[in-house]
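Novice: Chain by chain, the residues run as shown.
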Amino acid sequence: MTMIAEQGAPAPAAARTPLLAVRGVKTYYGNIIALKGVDIDVHRGEIVTLIGANGAGKSTLMMTIFGKPQAREGSIVYDGRDITRMPTHEIARLGIAQSPEGRRVFPRMSVYENLQMGASVNNLAWFDEDLEKVCTIFPRLRERLQQRAGTLSGGEQQMLAIARALMSRPDLLLLDEPSLGLAPLIVRQIFEVIREVNAREGMTVFLVEQNAYHALKLAHRGYVMVNGLITMSGTGRELLADPQVKAAYLEGGHH
Amino acid sequence: MEVLVQQLINGVTLGAVYGLIAIGYTMVFGIIGMVNFAHGDVFMISAFIALIVFLAVTALAGLSGGVVFLALLAALIVSMVITSLYAWTIERIAYRKLRGSFRLAPLISAIGMSILLMNYVQVAQGSRNKPIPPVMRDTIPLFEQNGFVVAVSYKQVLIIAVTALLLGLFWYVVQKTPLGRAQRACEQDQKMAALLGINVDRTISITFVIGAALAAVAGTMFLTYYGVVVFSDGFVPGVKAFTAAVLGGIGSLPGAVLGGLLIGLIETLWSAYFSIDYKDVAAFSILAVVLVFMPQGLLGKPEVEKV
Chain V
1 MTMIAEQGAP APAAARTPLL AVRGVKTYYG NIIALKGVDI DVHRGEIVTL
51 IGANGAGKST LMMTIFGKPQ AREGSIVYDG RDITRMPTHE IARLGIAQSP
101 EGRRVFPRMS VYENLQMGAS VNNLAWFDED LEKVCTIFPR LRERLQQRAG
151 TLSGGEQQML AIARALMSRP DLLLLDEPSL GLAPLIVRQI FEVIREVNAR
201 EGMTVFLVEQ NAYHALKLAH RGYVMVNGLI TMSGTGRELL ADPQVKAAYL
251 EGGHH
Chain C
1 MEVLVQQLIN GVTLGAVYGL IAIGYTMVFG IIGMVNFAHG DVFMISAFIA
51 LIVFLAVTAL AGLSGGVVFL ALLAALIVSM VITSLYAWTI ERIAYRKLRG
101 SFRLAPLISA IGMSILLMNY VQVAQGSRNK PIPPVMRDTI PLFEQNGFVV
151 AVSYKQVLII AVTALLLGLF WYVVQKTPLG RAQRACEQDQ KMAALLGINV
201 DRTISITFVI GAALAAVAGT MFLTYYGVVV FSDGFVPGVK AFTAAVLGGI
251 GSLPGAVLGG LLIGLIETLW SAYFSIDYKD VAAFSILAVV LVFMPQGLLG
301 KPEVEKV
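For the record, the sequence lines run as chains V and C.
Using this note's numbering, count along the first sequence one by one with no gaps and you end on 255.
Using this note's numbering, count along the second sequence one by one with no gaps and you end on 307.
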């Protein structure tokens, strides 16, 4: 467990160059500051989670990584390349995929077409193979391939949003609240999928969650965000055991 | 009966032209939520480009049957290309910067573009009707009744065939190709499309280009059909095509085609049976009536989305 003040001290992970390095990022909506100088590292092969209350700025960080909105100060470096001012669609072509807040499936496209959209960064090169893969992960999607995505249930839309992100074969997968509003059984299933793609394919995952208990249990490392600032970081286990984290994010029961 | 059949043929021809223009309105509205008031004038410009190319080719090579056909083909292709460039430029200079601004801004800019284009053509081409020599005057008689010969002209066959062919091609592009998918994705959620690697600005540009290319087909047909074009010809067909798009359900591609056909048919049937002076009133009244009962238009669907 490191408090934020000690973050300058060399942690074991600092020896490697992170896959994603967020440094001093400040993001504004108009004149309102949403991120007040955020530092986050995500290393290759890790599952990193960001927890925090509603409105802390977690989703803003996810979108800032993709340049929508762009950070006003600070830098975001992905795989050695500065992407702070890069257009969103070019960032997507570097091997980062996101399942964003609110799922954002294309409602008037079929499930199949949504998945095609996910694979469009690599021009559907491995589409059939990857379609088979995501349908094995989420059998529900296979049954609904020709259905319009807008008519799916919330849980199915979440599965589709994750599957769509997987279709691009990303090196880094950003997941924004994959458990939001879902039944406990489906939440468990989705967290299991995250664990699997990480373990089996070495996919790096950066996960934003309100469901702190599940997220911290799953993640190698975690960060806590309060009001646009990172206030704590540590391994998942450390944060789970921390009294402050417990009081703020884990009380009130978990599944 | 014989008048009815004849007017149906004429109405479908006119409707094909309206439908082609209406697609441009409906696609642009679908993707950026803006009524491109300059689209009618882009259509008018395309007819002028076709006119110039046609006159140039026939001046050089004469007016024999084969040459006329080739001249029309050349007019069509050149007009599609140059008109597309016009639309691409208009989007770049007059609309793109205003995206994300308040809703009326691009609309006002579009009205400005419309006035600009109309006056530019008036200055460059004069304010009189510009004719082409009469071409393809032959007709195919279908049947005769009560001394009235029902006939379809070669022009009409050409217009309907080319329109049907292009609509098929266009439908395929929108439904089955990566470009069409990207377009529909941008229509539904631009931010998400960008997250998936789609260049949204480029997709919007292409939408303008496709809309203009189809308008250029309509413009070339219009010129062939009526034989004349004048600088103000963008206005009434433009408003009719916009009406067609709204009638069919703005944002809906089949709706635009259906709306175009309906407006064309209403106009010609009204002209035949009632007063030709009131044909526009008829078309717009039907629009008003439909919108009272079906505010979404005929084929526009309210969105079904679960959250």
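Bear in mind the hints are in silico, worked out from the structure with no lab data behind them.
Incorrect hints may appear among the rest.
Said to hold, decoys possible - With a straight-line Cα cutoff of 25 Å, these simulated BS3-like cross-link-like pairs (lysine-lysine) come out:
(1) C:K191 to V:K26
(2) V:K36 to V:K26
(3) C:K155 to V:K68
As the structure is a computational prediction, the values presented were derived from the model and not from experiment.
Novice: Could you run down the list of hints and mark each one as holding or not?
Specialist: Hints and how they fare:
1. C:K191 to V:K26: Status holds; Cα separation ~21 Å.
2. V:K36 to V:K26: holds, 5 Å
3. C:K155 to V:K68: Answer violated: K155 (chain C) to K68 (chain V) is near 51 Å, above 25 Å.
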